[in-house]
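Trainee: Sequence:
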Amino acid sequence: MVFRFRCQKGLTILDTIITLCLIGILIGVVIPKYQQVARAAQEVALKAELSNIRQSITLFKMLNGHNPESLKEMMEKKVMLPARIGSAPASGSFFADQYLLKNAVDAEGRKLDAFGNPFHYDSHQGEVRSTTKGYESW
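Numbering (the numbering used here), first residue to last: 1 to 138.
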């Protein structure tokens, strides 16, 4: 007597359970790693933005003799900067641009950090910091 196996079509319940377990394990590993990478990227963006704002405040103070009243003023007021094309020496041309670009602002026009919270600016001291919990001292 010869036994012949019929071709099986489709998945068994065991195949489905194993597949779902593997997908669950992958998701359990990938999501925490993604969250760590996203948090690190936000921290790097916050450091860069704080550095840019602080340099802009210094430039504003050097050119105007006083600290800006607010970050909004720096996003609205224009400054004349020398234009340089490639590696050629300065050609004597200038362009006007804001001290700070309006790349991330809320509905009230306040500049936002990488975490979506507004920056705190002290006009008397000319200091800026993040309002995101855990990053206030940066």
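No wet-lab data here; the hints were simulated from the structure. Remember, predicted model here, so these are calculated numbers, not experimental data. Cβ atoms here follow ideal geometry from the backbone N, Cα and C, with glycine treated the same way. The reader is advised that the hints may include incorrect statements.
Taking lysine-lysine pairs in the BS3-like style, the calculated list, with each CA pair at most 27 Å apart, reads [unchecked claim]:
id	residue 1	residue 2
1	K102	K78
2	K33	K61
3	K33	K72
4	K77	K33
5	K47	K72
6	K72	K61
7	K61	K78
8	K78	K33
9	K102	K61
Computed beta-carbon distance windows for the label pairs [stated by the list, open to error]:
id	residue 1	residue 2	range
10	L26	E76	44 to 52 Å
11	N103	H66	33 to 41 Å
12	S70	V44	20 to 28 Å
13	E76	L22	35 to 43 Å
14	A107	T12	35 to 43 Å
15	V79	I23	16 to 24 Å
Trainee: State, for the Cβ atoms of S70 and V44, whether the hinted interval 20 to 28 Å holds or is violated.
Mentor: Taking Cβ atoms as reference, S70 and V44 lie about 26 Å apart, which means the hint holds.
Trainee: Are the Cα atoms of K61 and K78 separated by 27 Å or less?
Mentor: holds (14 Å)
Trainee: Would you mind confirming whether the straight-line C-alpha gap from K102 to K61 stays at or under 27 Å?
Mentor: holds (20 Å)
Trainee: Mind checking the alpha carbons of K102 and K78 for me, to see if they're no more than 27 Å apart?
Mentor: With Cα atoms ~13 Å apart, K102 and K78 stay inside 27 Å; holds.
Trainee: What's the verdict on K72 and K61, does the C-alpha distance respect the 27 Å limit or exceed it?
Mentor: Cα-Cα ~15 Å, so holds.
Trainee: Would you check the hint for K77 and K33, treating anything up to 27 Å between C-alpha atoms as holding?
Mentor: violated (42 Å)
Trainee: Do the alpha carbons of K33 and K72 lie within 27 Å of each other, as the hint requires?
Mentor: Roughly 37 Å separates the two Cα atoms, so the pair is violated.
Trainee: Quick one: are E76 and L22 within 35 to 43 Å, going by C-beta?
Mentor: Check failed, 55 Å falls outside 35 to 43 Å.
Trainee: Given the proposed pairing of K33 with K61, does the C-alpha separation stay at or below 27 Å?
Mentor: This hinted pair is violated, its Cα atoms lying about 42 Å apart.
Trainee: Is K47 within 27 Å of K72, Cα to Cα?
Mentor: The hint holds at about 20 Å.
Trainee: At the C-beta level, are N103 and H66 separated by a distance inside 33 to 41 Å?
Mentor: Violated, since N103 and H66 (Cβ atoms, about 25 Å apart) do not stay within the stated range.
Trainee: Cβ-Cβ distance between V79 and I23: within 16 to 24 Å?
Mentor: Once the Cβ atoms are compared, 54 Å apart, the range 16 to 24 Å for I23 and V79 is violated.
Hint check: violations occur at hints 2, 3, 4, 8, 11, 13, 14, 15; the rest are consistent with the structure.
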